Amino acid sequence: MNITWDGSTILVTGGTGSFGKQFVRTVLDRYQPKKLIIFSRDELKQFEMAQVFRPEEHPALRYFIGDVRDRDRLYRAFDEVDIVVHAAAMKQVPTAEYNPIEAIRTNVDGAANIIDAAIDRGVKRVIALSTDKAVNPVNLYGATKLCSDKLFVAGNHYAGPKRTRFSLVRYGNVVGSRGSVIPLFKRLRETGRLPITDDRMTRFWITLEQGVDLVLNALNRMGGGEIYVPKIPSMKVTDLARAIGPDCELDVIGVRPGEKLHEVMITEDDARNTLEYDDHYTILPEALRQSRGDSETGGRPCADDFRYSSETNDRWLTAQQLREIVDAA
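Everything in the sequence shown is counted per the working numbering, starting at 8 for the first residue and increasing by one.
Simulated from the structure, these hints should not be mistaken for lab results. Please note: incorrect hints may appear among the correct ones.
[Unchecked claim] Restricting the straight-line Cα-Cα distance to at most 25 Å, the calculated cross-link-like pairs of lysine to aspartate or glutamate (DMTMM-like) are:
#, residue 1, residue 2
1, LYS28, GLU63
2, LYS41, ASP156
3, LYS41, ASP74
4, LYS157, ASP123
5, LYS157, GLU283
6, LYS28, ASP156
7, LYS169, ASP77
8, LYS52, ASP77
9, LYS52, ASP116
10, LYS193, GLU256
11, LYS131, ASP79
12, LYS157, GLU293
13, LYS243, GLU266
14, LYS157, GLU275
15, LYS52, ASP220
Note that the coordinates shown come from a computational prediction; the quantities given were computed from them, not determined experimentally.
When you get a sec, could you build the whole thing from the sequences and use the hints?
Following this line, the structure appears as structure tokens:
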């Protein structure tokens, strides 16, 4: 069932990040919300964002200092909110490896706080951003996001007869996001050498615009508990490096702690609960299907041995497409 964006109150956690900025830009361009609340913990980033998205030019905007670790602050922020997009997280793999308790407090405890506050404050729909690293995780960041994903699916049980529904979107590396390898390669290409961890490495690749559209579409169609996975292209890290620095030497420096050679977004175990559409997959919540039925219709069931992995993907970015992405980023 489509939701009414005009006149709604929308809150995005981690709203000063790369995704949050693009989400705010898109919502302001397309809709007329009653309020659009940017919730984050860094006052400097909020100040800088307010110079671009000025409240005097966009009366719906609200800047709200807070941390998803702070349950009481979330209860205050969620008052009369209709839609929550949860983008706040500790995302850097090495940072999470060396600061595990901090990653757990933000990514796991923070998710639990979001769920409690959303249910008790009567939020209608919550979409959380997942990651390919939550699938068969080998690093702490992925493990915390797997826990977070499980919490959000289970949040639909906690809501019971109340109106709050929770779903997720899952995608791979984001072009132009903070921490993306593109800015690093651009800075280093003047040296004539670019570091890559392994020349076999592949990754899924998505733009910020595609990520925001995925979230908006998921919010429109969600029934609760679904994980939406877009059909996006893969790339070899070596191809990206050559697109940015065609004359550079590539230095293989070895896989970092907690890093995979390839990423997976749907495993064989999830395949039996997955529907395929022209532009995305939907992983259905098995337990919720038994009690509530499916909200998804028209999809094609995936084969039991289906696996959506970056190295066996049938969509790949060409060298020209990579150069265009680099130039845009």
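A quick look at each hint next to the structure:
1. LYS28 to GLU63: holds, 17 Å
2. LYS41 to ASP156: Distance of about 29 Å is beyond 25 Å: violated.
3. LYS41 to ASP74: holds, 23 Å
4. LYS157 to ASP123: Measuring from Cα to Cα gives roughly 14 Å; hence the hint holds.
5. LYS157 to GLU283: holds, 21 Å
6. LYS28 to ASP156: Answer holds: LYS28 to ASP156 is near 23 Å, not above 25 Å.
7. LYS169 to ASP77: With Cα atoms ~23 Å apart, LYS169 and ASP77 stay inside 25 Å; holds.
8. LYS52 to ASP77: OK: LYS52 and ASP77 at ~19 Å, within 25 Å.
9. LYS52 to ASP116: holds, 23 Å
10. LYS193 to GLU256: holds, 14 Å
11. LYS131 to ASP79: With Cα atoms ~19 Å apart, LYS131 and ASP79 stay inside 25 Å; holds.
12. LYS157 to GLU293: Roughly 12 Å between the alpha carbons, so the hint for LYS157 and GLU293 holds.
13. LYS243 to GLU266: The hint holds at about 15 Å.
14. LYS157 to GLU275: holds, 18 Å
15. LYS52 to ASP220: The given pair, whose Cα atoms are some 24 Å apart, holds under the 25 Å limit.
Checked against the numbered hints above, the structure breaks only hint 2 and satisfies the rest.
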